[in-house]
Amino acid sequence: MHLDEKIWLTLSFGMIMAFMVITGYQTFALEMGPPSNNELIDPQKVDETAPFNEPGIKQIGENEYEVVMTLQVFSFNPMDIEVPAGSTVHFTLTSKDVVHGFEIAGTNVNAMVMPGHIQKITQKFDEPGKYLVLCNEYCGAGHQVMSTTITVK
Amino acid sequence: MQTSVSQNKVVSGFKDKANKALGISRQDALISKSYLAVAFIALLLGGLLGLLQGLNRAGLLELPAWLNYYQILTAHGILLVVVLSAFFTIGYFYAGLSHTLGGLLPKVRKIAWIGFWTKIVGFVLVVIPILMNEASVMYTFYPPMAAHPMFYFGLALIVVGVWFLAAGAFINVAHWRKNHKGEHLPILAFFATGVFVLLVGATAFVAVEVLFMIIPWSLGWVDTINVMVARTLFWAFGHTAVNIWYLTAVSAWYVVIPKVIGGTRFNDYLTRVVVIALVIMNITGGFHHQIIDPGISLPIKFMHVFMSLAIGFPSLMTAYAMFRVFERTGRRKDAKGALGWIKKLPWGDVRFLSPFIAMAAFAPAGAGGIVQSTNQLDQVVHNTMWIVGHFHLTLGMSVIMTFFGVSYWLVPYISNRVLTPKMNKLGVIQTIIWTIGMVIMAFSMHTAGLFGAPRRTSYTTYGDFSSSLGWDPYMAAVGVGATLLLVAVIIQVYAVFNMMFFAPKGTTEFPIAEVEENEAKTPYMTERWGVWVVVMLIVIAMAYVLPLTDMIVNAPPGSPPFKTW
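Going down the list, the sequences are from chains A and B. For what it's worth, this note's numbering labels the leading residue of the first sequence as 1298, then goes sequentially. For what it's worth, this note's numbering labels the leading residue of the second sequence as 629, then goes sequentially.
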């Protein structure tokens, strides 16, 4: 093996390790890990199971809200949410039918929402404006209309 | 032509010599020809569907009610990711096995034909429900979306067909090893062994998913399905599949390209180490498709960052190897200065140009892949157009452009014809059009995805969000790229069938580069495939036993089938 190859491979290995260290630090020290909630639900009894028997938005603290939301072909429930600027919103999500995606365009909110699993993701909305919420996992003929908005005032 | 490592004594029987003198036998050639013909017909159909999608997403084409976007997208994915790539890979490696192992055994030929027809019947069964709009489930077919059972029976047959082909390859390789004790497997056959080992490993997962989970469920024998388990099994297959096509392209980079440019190939030992590393570490990479899934704990996801990034290492070794070979070859042709060797490369030869651009594309493609398999970064782009851009770079450029480059000598080789200067020129033009189309398309897709545009979504503006979020110009550019690509597809398909049936008769060489004169002997350890398969299984077990057990033991109540299209 030539010296320049050794240097190249050392740098390659170093880069992979750097990615690992940064990812690990962000995940475990800064709690920036990807949405990975581990709670189960009967996907055929979502409407009867708390908290999804009452989907909606609820204030749980100063500038803090919880949104309990179901995803189903081809809509979100509740639709068209409004929160004041500067609020932190905790989303609790599940699917009533097939696999959906929960994405808020222009933010890092992006989570898979599966039947049988309760997914959670949190976002702080500082900038006022209207945000697009969309399903980013193909879910059927009307997948392209599955969207709603979050208005930050 | 010498095909095994030069330091080893080459023991070649009469059959080997006859085979090399006369070129490929007609019976072996027919197998490869059939596979390549199917591959390029799939390219034509898949490319046509790709254009329809591109124009739809650009907002220029409204699809009729009887042919919806998701039907087209499902067919596009299956035709290009499953048919084109698999059939090309098999046609290419079977020609390679025939050439480097002294012909296919008669029983291997028989197995290859059984596999061919099993796969064809499988594809027909898959295509019928897609055409009837009974299987618009994408090539990932995530439950609890349920297609017509015929779709899944078709998939199962395709897998069985792949197993026949793998068995045939293993039999031929084992036969050669028995008659060449202590020798290293010829390098192309070594790559083929790795590819078929991976194909069996990968399809085993999807076979379990389809046979034991989805088929009983879609027939109504069981009421519900475990969505997470099905999805996890799928990705153990799905990601490996695309990496297999990549490994096929890599084989041409290491073995064929050095010969085309008039050089020797990179260190034999390191080449074999790269193959072994890619085989051992590949299947576990599938998990990075589930980074933002619920039900998988953060430590498991973190472990899988390593499992995925590890695959990057042999690719970085490859990047070094390729440029080392180019530089060495250029310098031997009296190149001056630090970069003079670049001028010595045969840029006007499509057999080099197309694979070279394929390699160059792997730089941004691989970098994007590293970004995507890193948890927090994936969250930004998961399921957006970024991902679509990524696999159009990796598959649409790195893999397919290598296959195109290979086709300009492989098709004449198996057809006992030659590549004319005129056809070479057409190939160069085709390469340039394809490159421009793919660059426009991949760049636009990456950018639109970064701005949040979702993948697998037919034309929609989401009110006026698509313009305020800045997606529109990029999606229009995707339409432009798709148009150029179809032009290149038509030229490429014309070239393949012209070279197969109409080009002037003659002998074409199967280009396999020699190792360097004074290279140290490769340790025999590389040939211990039994050991590598065991190590591969251990790595797979480390990656999958824990999360899969958790998903099965702590499963939610299952899901019934849904038809949502």
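Any given hint might turn out to be false.
[Claimed, not checked] Lysine-lysine pairs mimicking DSS-like chemistry, simulated, CA-CA at most 27 Å apart:
{"#": "1", "chain 1": "B", "residue 1": "Lys661", "chain 2": "A", "residue 2": "Lys1303"}
{"#": "2", "chain 1": "A", "residue 1": "Lys1303", "chain 2": "B", "residue 2": "Lys1053"}
{"#": "3", "chain 1": "B", "residue 1": "Lys735", "chain 2": "A", "residue 2": "Lys1303"}
[Claimed, not checked] DEER-style ranges, computed between Cβ atoms:
{"#": "4", "chain 1": "A", "residue 1": "Glu1328", "chain 2": "B", "residue 2": "Asn1182", "range": "52 to 58 Å"}
{"#": "5", "chain 1": "B", "residue 1": "Gly1158", "chain 2": "A", "residue 2": "Ala1326", "range": "41 to 47 Å"}
{"#": "6", "chain 1": "A", "residue 1": "Lys1303", "chain 2": "B", "residue 2": "Glu690", "range": "34 to 40 Å"}
{"#": "7", "chain 1": "A", "residue 1": "Gln1323", "chain 2": "B", "residue 2": "Ala1148", "range": "41 to 47 Å"}
{"#": "8", "chain 1": "A", "residue 1": "Gln1323", "chain 2": "B", "residue 2": "Phe1079", "range": "32 to 38 Å"}
{"#": "9", "chain 1": "B", "residue 1": "Ser653", "chain 2": "A", "residue 2": "Val1442", "range": "35 to 41 Å"}
{"#": "10", "chain 1": "A", "residue 1": "Lys1342", "chain 2": "B", "residue 2": "Phe1079", "range": "48 to 54 Å"}
{"#": "11", "chain 1": "A", "residue 1": "Glu1328", "chain 2": "B", "residue 2": "Gly810", "range": "54 to 60 Å"}
{"#": "12", "chain 1": "A", "residue 1": "Phe1325", "chain 2": "B", "residue 2": "Gly810", "range": "49 to 55 Å"}
[Said to hold, decoys possible] Computed list of chain B residues with no C-beta within reach of chain A, every gap over 10 Å:
{"#": "13", "residue": "Val752"}
{"#": "14", "residue": "Met856"}
{"#": "15", "residue": "Lys929"}
{"#": "16", "residue": "Phe1079"}
{"#": "17", "residue": "Arg1084"}
{"#": "18", "residue": "Pro1185"}
{"#": "19", "residue": "Pro1188"}
I should point out that these hints are in silico values taken from the structure, not numbers from a laboratory. Glycine included, each C-beta is placed from N, C-alpha and C at the ideal position.
Status of the hints after comparison with the structure:
Distance check on the hinted pair: Lys661/B and Lys1303/A sit about 42 Å apart at the alpha-carbon level, beyond 27 Å; violated. With a CA separation close to 39 Å, the supplied pair Lys1303/A and Lys1053/B exceeds the 27 Å bound. Restraint check for Lys735/B and Lys1303/A: not satisfied, since their Cα atoms lie roughly 46 Å apart, outside the 27 Å limit. Here the CB-CB span from Glu1328/A to Asn1182/B is close to 23 Å, at odds with the stated 52 to 58 Å.
At roughly 43 Å, the beta carbons of Gly1158/B and Ala1326/A sit within the given window of 41 to 47 Å. Roughly 58 Å separates the CB atoms of Lys1303/A and Glu690/B, a value that falls outside the hinted 34 to 40 Å. The hint said 41 to 47 Å for the Cβ distance between Gln1323/A and Ala1148/B, and at roughly 44 Å that hint holds. Taking 32 to 38 Å as the suggested C-beta distance range, the pair Gln1323/A and Phe1079/B does not conform, at roughly 23 Å.
A hinted range of 35 to 41 Å for the beta carbons of Ser653/B and Val1442/A is inconsistent with their spacing of about 57 Å. At about 38 Å, the beta-carbon gap between Lys1342/A and Phe1079/B misses the expected band of 48 to 54 Å. In this structure, Glu1328/A and Gly810/B meet the distance hint of 54 to 60 Å, their C-beta atoms being roughly 57 Å apart. Separation of Phe1325/A from Gly810/B is about 50 Å and conforms to the stated range, judged on CB atoms against 49 to 55 Å.
Every beta carbon of chain A lies more than 10 Å from that of Val752/B, the smallest distance being close to 24 Å; the non-interface claim holds. Not every beta carbon of chain A lies more than 10 Å from that of Met856/B, the smallest distance being close to 7 Å; the non-interface claim is violated. With a closest Cβ-Cβ approach of about 6 Å to chain A, Lys929/B is found to fall inside the 10 Å limit, against its non-interface label. Not every CB of chain A is more than 10 Å from the CB of Phe1079/B (nearest about 7 Å), against its label as outside the interface.
Non-interface call for Arg1084/B relative to chain A: violated, since the shortest CB-CB distance, roughly 4 Å, does not exceed 10 Å. Taking the minimum C-beta to C-beta distance to chain A, about 4 Å, the non-interface status of Pro1185/B is violated against the 10 Å cut. Listed as a non-interface residue, Pro1188/B fails to keep its Cβ farther than 10 Å from every Cβ of chain A; the least gap is roughly 7 Å.
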